[in-house]
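One line per chain: the protein sequences are A and B, in this order.
Numbering-wise (numbering that gives the first Met the number 0), the first sequence opens with residue 0 and increments by one.
Numbering-wise (numbering that gives the first Met the number 0), the second sequence opens with residue 0 and increments by one.
The hints are simulated quantities; they were obtained by calculation from the structure and are not laboratory data.
From a predicted model like this one, the values you see are computed outputs, not experimental measurements.
Don't be surprised by glycine CBs; every beta carbon is placed ideally from N, CA and C.
Accuracy of the hints is not assured; some may be wrong.
To be verified - Rough simulated footprint, nothing fancy, chain A against chain B, three-plus residues with beta-carbon under 8 Å: (1) 83 to 89; (2) 136 to 142; (3) 228 to 242.
Listed below are the residues making up each chain.
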Amino acid sequence: MANPGDRAERYLGQRTSRRGFIRGAAAAGLLVTAGTAFGGCDPDSAEVDPDAPDTGDITLTGSGATFPDPIYQLWIDEFRSVRPDIVINYQSVGSGQGKRDFINNVTDFGSSDAYLTDEEMARVPGALHIPTVIGAVAVTYNLEGFEGIQLSGETLASMYLGEITNWSDPRIQEENPHLEMPDHDVATIFRSDGAGTTWIFTDYLAKVSDAWAEQVGTGTSVQWPVGFGGEKNAGVMASVQQTPGSIGYVELIYSLVIGMPVVALRNRQGNYVPPTLESVQEAAAGYLDDLPDDLRVSITDPPEGEHAYPVSGLTWILLRRERENRAETEALIDFIYWALTEGDQLAVDLHYSPLPDEVLDITLGLLEEVHVDGEQIFRRPD
Amino acid sequence: MRPASTMRRYRRRTYINRFMLVLTVGSTGVALIPLVLILAYVFQQGIGAWDVQFFTESFRPVALGEDTVQTGGVLHAIVGTFIIVGVALLMAMPIGVMAGIYLAEYPANRSSTIIRFCTDVLTAMPSIVVGVTAYILIVQQTQRFSALAGSVALVVLMVPIITRTTEEMLRLVPDSSREAAIALGAPKWWTTLTVVIPMAFSGIVTGILLALARAAGETAPLLVTVLGNNNLAYNIFGPMQALPLLAYRYTEQPFAEMNEQAWGAALLLVIIVLITNISVWLATRRRQAG
């Protein structure tokens with residue numbers, strides 16, 4: 000479990016300045032660390048061809064989730080200095096459109112915080128879910144002078160169901176003995192657009208609250224019983240900031256960058272845990288025992304993990320198993336492999352949790368399933 | 000001496016006249032307030048993002064935990080906007096102008112009535128509908144987002160504007176000019192080309208520029224067709240960035256630097272549209288002087 004951290008440290012130790020390290024290595028012509036990465040795309044030789052493909056620039060297009068956008072952009076930029084011949088364009092249009100674009104096959108890869116439903120899988124036979132990082136949905140609120148509010152999932156669900164309408168409700172007060180909860184109306188704020196964030200959030204509420212599962216359910220957009228909507232993360236954030244007594248949910252990086260207070264949520268072990276790098280990774284570890292082969296898994300409300308944050312989620316890159324263009328497929332897999340194995344420190348810098356080694360292992364196995372004209376493209380180095 | 004009653008009525012009319020004048024001037028002022036407020040606010044918010052980097056560099060990702068935050072610029076969006084709108088203009092101009100000539104210069108019949116009606120319907124068409132149509136017809140068929148699909152969507156929005164202004168301008172050319180040319184033995188096409196069009200030329204240019212200004216600021220049709228691109232791209236068969244698209248997307252980013260760039264892009268867009276409109280004004284003025 001500590002291995003991703005080790006990997007990060009090893010990586011950290013290798014670089015004086017990150018950019019300097021990578022550029023310098025690239026200038027040297029042959030990357031020692033990345034060498035293993037590119038051996039994978041060429042089954043005949045483990046060597047990297049220094050003056051790589053002479054097919055000209057390869058351009059790859061992807062669209063989807065906003066949640067991993069900052070880290071994807073950083074990875075793309077860094078990868079450019081490793082492989083200048085590959086130009087990747089990722090656009091954060093939202094998980095909903097990302098899945099649609101992937102199903103319509105108008106992009107080279109899709110991206111989503113919600114895995115494809117069985118119906119959607121039927122439309123894209125052989126769709127692969129490649130997890131990249133783990134993120135968290137932060138529950139943020141606007142109550143001036145009240146730091147460190149703690150809630151259980153049941154209480155949170157009751158607030159979003161409209162059953163708890165005041166912050167001084169005994170159920171909230173009971174969970175916050177260290178605070179004198181104010182007599183203030185609760186305003187719940189949700190995402191009005193189709194979002195993977197909403198999917199993770201409602202998936203969590205449905206797991207911890209039977210009432211939520213029956214009345215509302217799980218989805219990228221649902222019928223909210225009460226509250227009002229904000230457009231995208233920025234809209235939810237703005238609504239929370241402008242509405243005293245409001246509570247909303249956003250991707251973790253938004254609350255971090257803007258500096259809004261976050262709710263510590265109670266996990267299965269009964270501990271109140273705020274979203275952090277460690278607590279998010281521990282949530283993934285809580286599901287290691289029963290990971291499905293295709294990694295289409297929700298990691299909300301983990302059964303194990305003393306300090307696991309319960310509203311965490313994987314985010315996936317969506318790939319087709321059978322592809323047509325060999326050069327593009329190789330480039331894409333090179334990028335994903337590099338990001339998963341060399342890009343974890345960049346992820347940590349941006350408060351994303353890298354995949355635990357066990358998950359990474361299964362992920363690399365999924366990458367090996369990609370074929371062009373029946374031929375396997377990627378073999379993981381030993 | 001006029002009778003007192005006449006004087007009284009005259010004075011009343013004067014008062015009403017003054018009252019209505021104040022009302023109309025006041026209304027004009029009220030109508031201008033939003034424009035002034037928008038210009039001032041966009042300028043105030045956006046000017047901070049304008050530095051050399053803003054115009055000379057493309058997107059750079061924001062990295063937390065670095066000492067120096069690299070913000071990059073919007074060069075890729077500036078280039079993209081000019082390419083997308085330029086290609087659209089090249090397609091819309093001949094179609095719009097020729098359709099306008101047909102409507103104005105040839106006798107009204109059933110087909111011209113239908114064309115005029117369709118043009119009016121197209122003018123009122125929500126731009127997102129045009130964008131989605133382009134997505135289904137071009138993006139889904141070619142299986143890729145492309146600047147060209149965005150240009151085609153913009154063409155659909157530009158053509159009706161160009162067609163209707165061209166038609167109106169050609170109608171303003173007095174028939175006596177046409178008759179004079181025909182009397183001298185010029186065939187109809189020669190009359191149209193060398194007499195009618197030159198006389199209406201600045202008016203036609205006005206229509207084209209107005210269409211250009213409309214297209215440059217459109218976000219919705221581009222959203223679903225060109226996708227956006229964080230790299231500097233010149234390939235019209237691939238995804239491309241555009242200023243309105245960049246402004247829209249950057250407002251959703253968590254990073255303050257990118258929010259500021261969104262304002263900077265909005266300011267640049269407003270200024271481009273403003274310059275276009277001032278060109279329209281100059282073109283119109285020359286026509287009146289000539």
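Hints, one by one, checked against the model:
no.: 1; hint: 83 to 89; verdict: violated (count 0)
no.: 2; hint: 136 to 142; verdict: holds (count 3)
no.: 3; hint: 228 to 242; verdict: holds (count 7)
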